[in-house]
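Peer 1: Residue-level listing of the chains:
There are 2 protein chains.
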Amino acid sequence: LPGMQTSGSKPCPCPSFKLREVASMYFTMIAVFLVILVVALQGSAPRGSDFPYKVPLDPQGLLELSWNVSYPQQVVHFQLLLRDLRFGLLFGMSDRGEFENADLAVLWSDGHNSYFGDAWSDAKGQLHMDSQQDYQLLGARRAPEGLYLLFRRAFSTCDPKDYLIEDGTVHLIYGILEKPVHSLHAINISAIHRGLQRVQLLKPNITVPELPRDMKTMEITAPNVVIPSQETTYWCYMTELPADFPKHHIIMYEPVITAGNEALVHHMEVFQCAAEFDSFSHYNGPCDSKMKPDRLNYCRHVLAAWAMGAQAFYYPKEAGLAFGGPGSSRYLRLEIHYHNPLVFEGRRDSSGIRLYYTATLRRYDAGIMELGLVYTPVMAIPPGEDAFILTGYCTDKCTQLALPAAGIRIFASQLHTHLAGRKVVTVLSRDGREQQVVNADGHYSPHFQEIRMLKELVAVFPGDELITTCTYNTEDRSRATVGGFGILEEMCVNYVHYYPQTQLELCKSAVDPGYLHRYFNLVNRFNDEEVCTCPQVSVPQQFFSVPWNTFNRDVLKSLYSFAPISMHCNKSSAVRFPGEWEKQPLPTITERMQEPVPHCPPAPGPRPAAPVPLNLGPLRR
Amino acid sequence: LPGMQTSGSKPCPCPSFKLREVASMYFTMIAVFLVILVVALQGSAPRGSDFPYKVPLDPQGLLELSWNVSYPQQVVHFQLLLRDLRFGLLFGMSDRGEFENADLAVLWSDGHNSYFGDAWSDAKGQLHMDSQQDYQLLGARRAPEGLYLLFRRAFSTCDPKDYLIEDGTVHLIYGILEKPVHSLHAINISAIHRGLQRVQLLKPNITVPELPRDMKTMEITAPNVVIPSQETTYWCYMTELPADFPKHHIIMYEPVITAGNEALVHHMEVFQCAAEFDSFSHYNGPCDSKMKPDRLNYCRHVLAAWAMGAQAFYYPKEAGLAFGGPGSSRYLRLEIHYHNPLVFEGRRDSSGIRLYYTATLRRYDAGIMELGLVYTPVMAIPPGEDAFILTGYCTDKCTQLALPAAGIRIFASQLHTHLAGRKVVTVLSRDGREQQVVNADGHYSPHFQEIRMLKELVAVFPGDELITTCTYNTEDRSRATVGGFGILEEMCVNYVHYYPQTQLELCKSAVDPGYLHRYFNLVNRFNDEEVCTCPQVSVPQQFFSVPWNTFNRDVLKSLYSFAPISMHCNKSSAVRFPGEWEKQPLPTITERMQEPVPHCPPAPGPRPAAPVPLNLGPLRR
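Chains A and B are the protein sequences, given in the same order.
Under this note's numbering, think of the first position of the first sequence as 6, with each following residue one higher.
Under this note's numbering, think of the first position of the second sequence as 6, with each following residue one higher.
I should point out that these hints are in silico values taken from the structure, not numbers from a laboratory.
Computed from a predicted structure; not experimentally measured.
Think of the CB as a built atom: it goes at the ideal place given N, C-alpha and C, for glycine as much as any other residue.
A portion of the hints provided could be inaccurate.
[To be verified] With a Cα cut of at most 30 angstroms, we get these calculated DSSO-like pairs of lysine-lysine: (1) B:Lys562 with A:Lys588; (2) B:Lys562 with A:Lys166; (3) A:Lys402 with A:Lys576.
[As the list claims (entries may be wrong)] Some chain A residues close to chain B (C-beta under 10 angstroms, calculated; not the full set): (4) Val74; (5) Tyr76; (6) Arg335; (7) Tyr520; (8) Arg523; (9) Phe531; (10) Phe556; (11) Ala568; (12) Ser571.
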């Protein structure tokens, strides 16, 4: 994920000590009120220890969110710690972290009284009280570290003003009220200190497998890095396994975060290097430095990945990720994304990932398979698109050839695009009928790429198809975005983690280049009737020279949903399975999955739901 | 509208007298119950005289529906007369009159007790009780002519199982239960006698203008026609105005239906013939007869149109439709569509239209303008489409030239397509921004083409654009449907009635033929790379030879929403306004109208809609 950037959140200046002292006095005064309130509300409130997930909201860590998820109740319980309560706060969710059209819980004070309510912001950012109150306050509690607010929210409220909490990324937003406000309407959302934090709110409800007695740990941590005083840094640190380290199974890993840096360490990955090189230099520095040896680009095999808000990652009890032993490289690369929007200087960090591994190999080696689109410029996105869709296929022909009769089980997935990616979904299809979603993120952000455990194992059998669809936004671009490795080029990939490992490393597609050639001919002829087709220039050059009117754009869409594909059904990135993989028919879907009907909280209607008995007597015998 | 056919409804055999007598006894017995029920429910029930609209549901007239519309309450009150009550009935609404996915009110009896409830049918036609009861029973009343059921239904219920009552056509469906049923689930919807009736349920709420004292009437009626014993007949009857009949204004007209034929006379129109012919023969016979003189095809200028369920048509008080006087033909053609699905024999009919006219001319002559698509094969619909959209434009350039500075006022509209038409809408756009809907019918049927009064006058000024969009279904066709006059060709027209009359009779468009030629070239090249473009065959022939895959279909769509248009901005069907009308830019819409948010009946939620007061005291001063 080199070169990723994170959208900034505005700095929130520290309040002066004087104000803090005044606040303390007030808090002491109002403690009695709070006790009453908490007692009154505590009946249905979970205890503080019941919040397994935690994430700082702001870069200073003044706001800390903990939560739990009840799937039976379809409800999320939130516990928000406000370390420095001022005149209230906004907390909520929106499509991509914007403050317009957001769904908000607001705590506000007019200087005398305080209020809590469910609100929403319109397209101009103006706040409105919601007619249906779905953020339900359960309690408030004063502690030495700050004020705790407890509230709950159903996944789905069926209120059109409310955000629908779905699997995948949720963009949480917060804002701090620094002056008294007399009403919701008086809050000027653009003038407050605010920011966003991305989390996977609906964590899967997975039972932790039993861990073996001979389990060992290994910390892959960067030693005492001085975090650069810039918003975004990708730090690269090379290390190596001991000599003659035999094959082990990684069965779990978890983050190791230097205390105090919880809000700065955005995400981390451990990569294994390619086995064909005997050695790699011990680099320790920014990934984009000119000093970085080029060979480090051959360290791309993911061993572990963590992102803010994620917990420990456990392999299923039947499987482990092989590392060590003959045929694999001893060299590992740790990559840390530091997100330092307040540009702190001189912060030292030794964060990294702790691997838990065992010499007692589990039944299955886990494998990672790449689904989606081949990295090729033939798959392109016109400029100025708000939601352009590209689809990559893993065909029945490939799975037929490469998967064992008993199938494989996918247990985790990491979605990947570059900067224009907005949604990613992989669907499993069998005999043309969609069976289930493998992984979906309707609020996907390239700045938040976790390996996510699936809620349930997905069984894939020979003959199944895996269809990965990515949605891109290129509204801010003036020329076409082609597929490729560059950060301004695009990818559409789902790395699925599965067992038992097979030879199939890559099952991806791209449009047939011959059909794309016809498209360029067509564009030339249609737009300027008697001009000849272009000479042999590169595909990106041809895309860059297309005049992007609605017709050329629509026809490209039609091409991608019609033209045959070139399949990459590969053992490794260069070795294909034997067979004919060019000009393959596009998989067709004859039966789509039903859109899930949102489960709404019960709202007793004004009318009886039963038949009205009518004493007409028997009408006729 | 020649050649229209109406989908049949199954014959409903008459019950034997014996059963009727038994039923009478039961009704006498249960009268007491009914009285109690009616008294209990009558509080909110409107009186019988309060139902201004009436339509027979079945071809025998055993079921008769009356209704009224309350726009302030957004509610329709229904009064259903069951002349021959058996074991209950189904009454409801569905998208196009189908019994699957329908929204139904059901009255049913198990032989002992009777029930009324709001139900819905699923995609297989299975009935289910609705969890929200939105058909609300207000009362039941026994009268000599039968049982009256009174119930109400909000336009919009926000229940996803319910039909949304909108402007335009509503397909009413009915079914008669002839055996006792023990529950809703026991009703086999495919085995009952059933049918459909199309009505405009939401009649506009228009105050009738004052009528002048010198008003005269003229009945244009077919004299003593024997209705043919076949399901569909279009009857043509020629008549003429008196010699030297001076110019008058038609200010109103209404149907004249022979008593007993209310369920057979489906729709009627009075046309004026073309002035260029001195005489027309006095034909009286079926419109599709070989005996019909060809010259009658020149009688197409609509003077009046009525369809089942419509009431009298009133011109606005400022305007009247000119007829008589120099420069207009004395000859009139009456066309009656008889719908006789039960194939009654020997029924005699003298129905027609009564014109109300005055010699005291009103301030403005009313005019009729044709909007939409030119009748040309260049606008075509691929086969197998469930909802293909074609759009016709009346451009700013044409209205700029042809309309007076003070604008025109549209007061009525008649939508027109041939058999594949499913929806029609005309939108007024100004400076690229949609302003208002002129007329819309989301459940349009080619079998139900009324002239409809608009709820409010639509003012159109020079520079405005009128965009007419038609949606077609060609799922049952195997070759392309091209534009044209034939019944299996298509049209997309909105005849708007307006004042003051202008010279602009026709403001329609079609795709530029040169761009369509490029499309055919593209299709040839793309689908079979090195084949030459077709020789000069006709446009329909070229459309018929297109291999209709998704690509060719999608590209045709893209072409129609991109290519420049040829405008017909005409004084009459052959005379254009001066100006350049070829290769005109397609009007663009920069701002669409907001979809109206359905108004839901109030349903008090489980939670308070107000802020929860929180006694935190002042947080900080």
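Peer 1: State for each hint whether it applies.
Peer 2: Going through the hints against the structure:
Taking the CA atoms of lysine 562 of chain B and lysine 588 of chain A, the gap is near 26 angstroms; set against the 30 angstroms cutoff, the hint holds. Restraint check: the Cα-Cα separation between lysine 562 of chain B and lysine 166 of chain A comes to about 34 angstroms, which exceeds 30 angstroms; the hinted pair is violated. For the suggested pair lysine 402 of chain A and lysine 576 of chain A, the alpha carbons sit about 15 angstroms apart, so the restraint of at most 30 angstroms is met. Because the beta carbon of valine 74 of chain A sits about 21 angstroms from the nearest beta carbon in chain B, more than 10 angstroms, this interface hint is broken.
Using the Cβ-Cβ criterion of 10 angstroms, the hint placing tyrosine 76 of chain A at the interface with chain B is not satisfied: the shortest such distance is roughly 21 angstroms. Interface hint status for arginine 335 of chain A: violated, as the beta-carbon distance to the closest one in chain B is roughly 52 angstroms, over 10 angstroms. Below 10 angstroms, beta-carbon pairs count as interface contacts, and tyrosine 520 of chain A has one with chain B at about 8 angstroms; its hint therefore holds. Because the closest C-beta pair between arginine 523 of chain A and chain B is about 5 angstroms apart, less than 10 angstroms, the hint holds.
Because the beta carbon of phenylalanine 531 of chain A sits about 5 angstroms from the nearest beta carbon in chain B, less than 10 angstroms, this interface hint is met. The criterion of a C-beta within 10 angstroms of any C-beta in chain B is met by phenylalanine 556 of chain A, whose closest approach is roughly 4 angstroms, and the hint holds. For alanine 568 of chain A, the interface hint holds, since its Cβ comes within 10 angstroms of a Cβ in chain B; the closest pair sits about 8 angstroms apart. Annotation: serine 571 of chain A was flagged as interfacial toward chain B, and the flag is violated, the nearest CB pair being 17 angstroms apart, outside 10 angstroms.
Comparing the model with each numbered hint stated earlier shows that hints 2, 4, 5, 6 and 12 do not hold.
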